[in-house]
Amino acid sequence: MTPMVDDIGRYLSSPSNREKVFELLGEHVVLAVLPLLIGLVAAVPLGWAAQRVRWLRAPVLGSASVLYTVPSLALFVIMPSILGTRILDGANVVVALALYTVALLLRPVVDALDALPGHVVAAATAMGYRPARRFVAVELPMAVPVLAASVRVASASNISLVSVGAFIGIGGLGQLFTEGFQTRYLAPIVIGILLTLLLALAMDLLLVGLRRAATPWARAGLRAGARA
Amino acid sequence: MIFSQVLAWLADSAHWRGPGGVPVRVVEHLYYTVVTVLVAAGIAVPLGLVVGHTGRGGVVLVGLANAMRALPTLGLLTFLFLLLRSQGTSTLLALIVLAVPPVLAGSYAGVQSVERDVVDAARGMGLTSAQRLWQVELPGALPLLLGGVRSATLQVVATTTVAAYIGLGGLGRLLLDGLRSGDYPQMVAGALLTALLALLLDLLLAGLARLVVPTGVRLSAAGAGESSRRRGRGPGSEGVGL
Numbered sequence: 001m002t003p004m005v006d007d008i009g010r011y012l013s014s015p016s017n018r019e020k021v022f023e024l025l026g027e028h029v030v031l032a033v034l035p036l037l038i039g040l041v042a043a044v045p046l047g048w049a050a051q052r053v054r055w056l057r058a059p060v061l062g063s064a065s066v067l068y069t070v071p072s073l074a075l076f077v078i079m080p081s082i083l084g085t086r087i088l089d090g091a092n093v094v095v096a097l098a099l100y101t102v103a104l105l106l107r108p109v110v111d112a113l114d115a116l117p118g119h120v121v122a123a124a125t126a127m128g129y130r131p132a133r134r135f136v137a138v139e140l141p142m143a144v145p146v147l148a149a150s151v152r153v154a155s156a157s158n159i160s161l162v163s164v165g166a167f168i169g170i171g172g173l174g175q176l177f178t179e180g181f182q183t184r185y186l187a188p189i190v191i192g193i194l195l196t197l198l199l200a201l202a203m204d205l206l207l208v209g210l211r212r213a214a215t216p217w218a219r220a221g222l223r224a225g226a227r228a
Numbered sequence: 001m002i003f004s005q006v007l008a009w010l011a012d013s014a015h016w017r018g019p020g021g022v023p024v025r026v027v028e029h030l031y032y033t034v035v036t037v038l039v040a041a042g043i044a045v046p047l048g049l050v051v052g053h054t055g056r057g058g059v060v061l062v063g064l065a066n067a068m069r070a071l072p073t074l075g076l077l078t079f080l081f082l083l084l085r086s087q088g089t090s091t092l093l094a095l096i097v098l099a100v101p102p103v104l105a106g107s108y109a110g111v112q113s114v115e116r117d118v119v120d121a122a123r124g125m126g127l128t129s130a131q132r133l134w135q136v137e138l139p140g141a142l143p144l145l146l147g148g149v150r151s152a153t154l155q156v157v158a159t160t161t162v163a164a165y166i167g168l169g170g171l172g173r174l175l176l177d178g179l180r181s182g183d184y185p186q187m188v189a190g191a192l193l194t195a196l197l198a199l200l201l202d203l204l205l206a207g208l209a210r211l212v213v214p215t216g217v218r219l220s221a222a223g224a225g226e227s228s229r230r231r232g233r234g235p236g237s238e239g240v241g242l
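Same order as they appear, the protein sequences are chains A and B. Just so we're aligned, residue 1 is where the first sequence starts under my numbering, counting upward by one. Just so we're aligned, residue 1 is where the second sequence starts under my numbering, counting upward by one.
None of these hints come from the bench; they were simulated from the model. Accuracy of the hints is not assured; some may be wrong.
Stated by the list, open to error - Partial selection, computed: residues in chain A whose CB lies under 7 Å from chain B:
id, residue
1, VAL77
2, ILE78
3, SER81
4, PHE177
5, GLY180
6, PHE181
7, GLN182
8, ILE189
9, LEU194
10, THR196
11, LEU197
12, LEU198
13, LEU205
Stated by the list, open to error - Output of the computed footprint for chain A on chain B, the stretches with three or more beta carbons under 8 Å from beta carbons of chain A:
id, region
14, 67-74
15, 78-90
16, 158-165
17, 171-181
18, 193-200
Keep in mind that this is a model prediction, so the values were computed, not measured. Beta carbons: idealized from backbone N, C-alpha and C, even for Gly.
With the rest of the complex left out, here is chain A (with noise of 0.2 Å):
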């Protein structure tokens, strides 16, 4: 263990080092949140829509499945023949794994609208909010908590998808892992991991904290002991 610790203090002791994992963390960070904002504003409308109209419900939801299951490393290299993107554009990546995003939340959507009480939505018509207002005031809203724990799945989901995008040369993180495969050195590949861990458990702090910030309500709820 301890010589693997003064690997990584020799390796980070390099300021050009030290330099370009700060550059790929970043890029890593844009790369990884990026598409999770992507993706969330378009999952939203989606899945009001497909909620809603009925006929649309199956298609929708059954293509997201299916783009679910096709690989990353797959995705990100198709992407640039539908795109018109070059091969080593980020683009790719970002639009590739916001489609993943959309996927994942879709059915999530559908299912948090589905399971608002009815009767919370009645008194919201009866008191005059038209369909449109009506979900960004009061649906949206108490759909949080439901769209919360998914948008944290597809967070992590996106930060360790990332670094695949080192094989067409724009990983974040990723790139560490190639650089160190390459050397056949294990110091920036253990930075690599940290980092990425790290990543990922600071986004799931983020987003707990803006669940919280987002519905007041249920703390309200707790604190009053309605439930536990």
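Since chain A is already given, all that's left is putting chain B on it; use the hints.
Chain B alone, transformed into the frame defined by chain A:
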């Protein structure tokens, strides 16, 4: 335009013969996948069932499974390879680490999803702890458990492509060799074949689930309304019980 090149690649019989041909790559790919999923299920199913049955250590188990999910497979694979110097062992170990969490979460959540009343009734009828687990909780857990196995299989098929990076076979060879030689049609062909294999395996497992899950469990899951959404099929199953 690119798709016609891909079709031409796939139609070329030279790509379907010999030690580097498509059939050989598919068999290699299937071999790693099947061994990985079997070993992972052998570890994770008993563990998930027992923890779900006793109710002890559930929090630790779910936390551990989540932490394992965040481990990047490519990192783990290169790490293990440099440590063990064995292509086969390090690939299988890295893939098993990938496959264990979904199966573990599925079997644990499966046991948890069995209604308390049913288990209590079994206890009242005089079933021992082991009998309850085997005759009541296991059949009731099957839908979520198999959902976990499906999700693990999908991830393993997708990720087995990285085995090619440390020099093993499988469909990843088409992707990586194509990348190195700039043969884009070959890369896309490899990608399409991997996706097709994943889809076929998923259909196979879905069919298997229909055969294995007892009719009573399926009916109660379908009729339960609210709780039927927790059955965990499709991409959403990832988050079940976590």
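Verification of the supplied hints:
A distance limit of 7 Å between C-beta atoms decides the matter here; for VAL77 (chain A) the minimum to chain B is near 5 Å, and the interface restraint holds. Against a cut-off of 7 Å between C-beta atoms, the interface hint on ILE78 (chain A) holds, since the closest Cβ of chain B lies about 5 Å away. Because the closest C-beta pair between SER81 (chain A) and chain B is about 4 Å apart, less than 7 Å, the hint holds. Because the smallest distance between the Cβ of PHE177 (chain A) and any Cβ of chain B comes to about 5 Å, under 7 Å, the interface hint for this residue holds.
Contact between GLY180 (chain A) and chain B, as hinted, is supported at the beta carbon level, the nearest pair being about 6 Å apart and thus within 7 Å. Annotation: PHE181 (chain A) was flagged as interfacial toward chain B, and the flag holds, the nearest CB pair being 4 Å apart, inside 7 Å. The interface hint given for GLN182 (chain A) is broken, as the beta carbon of that residue sits about 9 Å from the closest beta carbon of chain B, more than 7 Å. The restraint placing ILE189 (chain A) at the interface with chain B holds, with a minimum CB-CB distance near 5 Å, inside the 7 Å limit.
Among the interface hints, the one on LEU194 (chain A) is violated; its C-beta lies about 9 Å from the nearest C-beta in chain B, farther than the 7 Å criterion. The criterion of a C-beta within 7 Å of any C-beta in chain B is met by THR196 (chain A), whose closest approach is roughly 5 Å, and the hint holds. Given the 7 Å rule on beta carbons, the hint for LEU197 (chain A) holds: about 5 Å separates it from the nearest Cβ of chain B. Using the Cβ-Cβ criterion of 7 Å, the hint placing LEU198 (chain A) at the interface with chain B is not satisfied: the shortest such distance is roughly 9 Å.
The beta carbon of LEU205 (chain A) comes no nearer than 12 Å to any beta carbon in chain B, farther than 7 Å, and the hint placing it at the interface is violated. For the region 67-74 of chain B, the stated coverage by chain A is satisfied: 7 residues place a CB nearer than 8 Å to a CB of that chain, which reaches the threshold of 3. Note: the region 78-90 of chain B has 5 residues with beta-carbon separation from chain A under 8 Å; the three-residue rule is met and the coverage holds. Counting residues of the region 158-165 of chain B whose CB lies closer than 8 Å to any CB of chain A gives 5, so the stated coverage by that chain holds, three being the minimum.
Chain A is given as covering the region 171-181 of chain B, and this holds because 4 residues of the stretch bring a CB closer than 8 Å to a CB of that chain, at least three being needed. Requiring three or more residues with a Cβ within less than 8 Å of a Cβ of chain A, the coverage given for the region 193-200 of chain B holds, as 4 such residues are present.
Checked against the numbered hints above, the structure breaks hints 7, 9, 12, 13 and satisfies the rest.
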